[in-house]
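Please build the complete structure, drawing on both the sequences and the hints.
In the numbering used here, the protein residues as written are 22 to 405.
Because the hints were derived from the structure by calculation, they are not lab data. Treat the hints with care, since some could be wrong.
Stated by the list, open to error - Quick list of in silico lysine-lysine cross-link-like pairs, DSS-like style, CA-CA up to 27 Å:
| no. | residue 1 | residue 2 |
| --- | --- | --- |
| 1 | Lys389 | Lys301 |
| 2 | Lys48 | Lys347 |
| 3 | Lys389 | Lys83 |
| 4 | Lys49 | Lys102 |
| 5 | Lys102 | Lys48 |
| 6 | Lys87 | Lys347 |
| 7 | Lys381 | Lys301 |
| 8 | Lys102 | Lys83 |
| 9 | Lys249 | Lys291 |
| 10 | Lys35 | Lys83 |
| 11 | Lys347 | Lys381 |
| 12 | Lys249 | Lys301 |
| 13 | Lys216 | Lys301 |
| 14 | Lys347 | Lys169 |
| 15 | Lys381 | Lys291 |
| 16 | Lys142 | Lys87 |
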Amino acid sequence: MDKDFLSQMFCWLKDIITESGEFRLCKKNNPTLMSNCFGLSLINLINANTDQISIFKQQLCKIILKAYRDNEDVFLDPILKREEIFSQLHNYHYLVEQTSYFCRHTLYISGYDVPFNPEAKPEIYNPDWVTEYLSNLDWKDPWLESNKAMFLLDRLTFASLYRTKKINPLPSINAAFDYFDNSIDSTTGLWGTDKNSGIMRGVAGAYHIIPYYLFFNRLIPFVEQMVKSVLTLENPEGLFFPIAGGCACVDTDAIGILSLLYHLVPHYHKEIDAVLVRSKELILNLQSSQGGFVESGASSSQRLSGVNNNSGDLLAQIWTSGTSMKYSSWSVMEYDTDQPDLWSTYFRLLSIAYCDLVLKKEQLKQWKFESIPGLAFSSRHGFK
Numbered sequence: 022m023d024k025d026f027l028s029q030m031f032c033w034l035k036d037i038i039t040e041s042g043e044f045r046l047c048k049k050n051n052p053t054l055m056s057n058c059f060g061l062s063l064i065n066l067i068n069a070n071t072d073q074i075s076i077f078k079q080q081l082c083k084i085i086l087k088a089y090r091d092n093e094d095v096f097l098d099p100i101l102k103r104e105e106i107f108s109q110l111h112n113y114h115y116l117v118e119q120t121s122y123f124c125r126h127t128l129y130i131s132g133y134d135v136p137f138n139p140e141a142k143p144e145i146y147n148p149d150w151v152t153e154y155l156s157n158l159d160w161k162d163p164w165l166e167s168n169k170a171m172f173l174l175d176r177l178t179f180a181s182l183y184r185t186k187k188i189n190p191l192p193s194i195n196a197a198f199d200y201f202d203n204s205i206d207s208t209t210g211l212w213g214t215d216k217n218s219g220i221m222r223g224v225a226g227a228y229h230i231i232p233y234y235l236f237f238n239r240l241i242p243f244v245e246q247m248v249k250s251v252l253t254l255e256n257p258e259g260l261f262f263p264i265a266g267g268c269a270c271v272d273t274d275a276i277g278i279l280s281l282l283y284h285l286v287p288h289y290h291k292e293i294d295a296v297l298v299r300s301k302e303l304i305l306n307l308q309s310s311q312g313g314f315v316e317s318g319a320s321s322s323q324r325l326s327g328v329n330n331n332s333g334d335l336l337a338q339i340w341t342s343g344t345s346m347k348y349s350s351w352s353v354m355e356y357d358t359d360q361p362d363l364w365s366t367y368f369r370l371l372s373i374a375y376c377d378l379v380l381k382k383e384q385l386k387q388w389k390f391e392s393i394p395g396l397a398f399s400s401r402h403g404f405k
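Put into structure tokens, the structure is as follows:
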């Protein structure tokens with residue numbers, strides 16, 4: 022791993038840590054549970070281990086554990102207020118589930134027992150309820166709806182580990198896989214594209230789901246079609262967004278799928294290798310002079326052009342005027358799109374790690390992926 026690249030990133034990272042030792046999304050924000058989780062996830066990913074970092078982790082994990090509410094089995098950010106969410110795309114319940122997802126993963130990768138109340142949400146253990154819940158999601162937008170599916174799968178995964186202490190899926194997880202098997206578009210290997218979602222949204226959605234297939238050793242249907250769909254997304258100028266400069270989230274979704282499924286499509290290795298070499302170089306060039314990464318390398322005019330010409334309602338609302346964004350529509354987590362932020366920096370590093378997972382097998386110790394399925398998961402299948 023490039024030491025200069027990392028040292029620049031660390032300088033920026035120190036700049037967004039508060040005097041009390043918490044992470045902010047960017048300089049202008051106050052810390053939140055999610056921004057603390059992003060920071061700890063980034064530290065885990067780059068496998069940074071010192072006595073000082075260990076103490077730092079302990080302090081933040083205590084803050085996260087304090088936010089747990091046993092009766093609801095959720096982690097509630099004390100500063101989250103319903104009126105601060107300015108979008109129909111994300112509501113209060115979505116933010117609570119999203120926060121809980123990141124808190125569980127952060128505690129797990131930090132070596133803490135994840136609190137869990139199996140009696141708080143009894144409906145999720147009913148396979149019929151799971152099937153109905155997934156069926157009622159609006160799969161015309163798999164990018165958004167797959168997050169809700171991921172939050173449910175994550176709860177069920179931790180429930181499986183809590184109850185059996187083994188990688189044995191509960192019946193309700195198998196019900197979810199049955200639903201996904203039966204609803205995937207056989208032409209694209211993605212979910213939602215048969216409902217006119219578009220390939221980009223389908224790819225973003227698939228990245229949220231396939232780690233669970235790999236973790237539970239479930240056969241992924243139409244793998245080759247999925248990989249082909251991802252490869253068609255590559256922009257002539259590089260990366261995987263409709264406009265030059267990429268998008269931290271979508272680029273990671275695409276690169277993550279190519280990396281995770283690499284061992285299943287040996288006849289695509291040469292093409293995937295070339296794509297990942299280009300992607301890694303372009304992402305490294307997106308590092309800001311401050312050391313962090315911005316959400317996209319696109320200019321404001323390019324962003325607006327992309328919204329108007331290439332994207333649908335979801336991006337049109339998220340990408341606003343091209344000058345600022347609100348993470349999950351929460352005003353407390355608003356950031357300037359031309360300045361580095363913690364989420365984009367974490368996801369750019371994750372993209373680079375996924376590239377290295379394929380391109381630099383001998384250097385995998387430089388990165389620490391999560392062993393539990395989620396956004397930084399690697400089963401390491403094919404690299405044993």
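Against the structure, the hints come out as follows:
1. In summary, the hint linking Lys389 to Lys301 is supported, as the alpha carbons are separated by about 18 Å, within the 27 Å threshold.
2. About 14 Å separates the Cα atoms of Lys48 and Lys347, which keeps this hinted pair within 27 Å; it holds.
3. A hinted pair counts as satisfied when its Cα atoms are at most 27 Å apart, and Lys389 with Lys83 qualifies at roughly 22 Å.
4. The hinted pair formed by Lys49 and Lys102 meets the criterion: a straight-line CA distance of about 19 Å does not exceed 27 Å.
5. This hinted pair checks out: Lys102 and Lys48 have alpha carbons roughly 21 Å apart, not beyond 27 Å.
6. Distance restraint check for Lys87 and Lys347: the Cα-Cα separation of roughly 25 Å lies within the 27 Å cut-off, and the hinted pair is therefore satisfied.
7. Of the supplied pair hints, the one linking Lys381 and Lys301 holds, its CA atoms being roughly 12 Å apart against a limit of 27 Å.
8. As the CA atoms of Lys102 and Lys83 are separated by approximately 22 Å, the hinted pair is consistent with the 27 Å bound.
9. Simply put, Lys249 and Lys291 have alpha-carbon atoms about 13 Å apart, close enough for the 27 Å limit, and the pair holds.
10. This hinted pair checks out: Lys35 and Lys83 have alpha carbons roughly 20 Å apart, not beyond 27 Å.
11. With a CA separation close to 35 Å, the supplied pair Lys347 and Lys381 exceeds the 27 Å bound.
12. Among the hinted pairs, Lys249 with Lys301 is consistent with the structure: their alpha-carbon atoms are about 19 Å apart, no more than 27 Å.
13. Taking the CA atoms of Lys216 and Lys301, the gap is about 32 Å. The hint is violated against a cut of 27 Å.
14. For the hint pairing Lys347 with Lys169, the CA-to-CA distance comes to about 19 Å; that is within 27 Å, so the pair holds.
15. This hinted pair checks out: Lys381 and Lys291 have alpha carbons roughly 14 Å apart, not beyond 27 Å.
16. Only pairs whose Cα atoms come within 27 Å are accepted, and Lys142 paired with Lys87 is accepted, the gap being roughly 20 Å.
The structure is inconsistent with the numbered hints 11, 13, although it conforms to all the rest.
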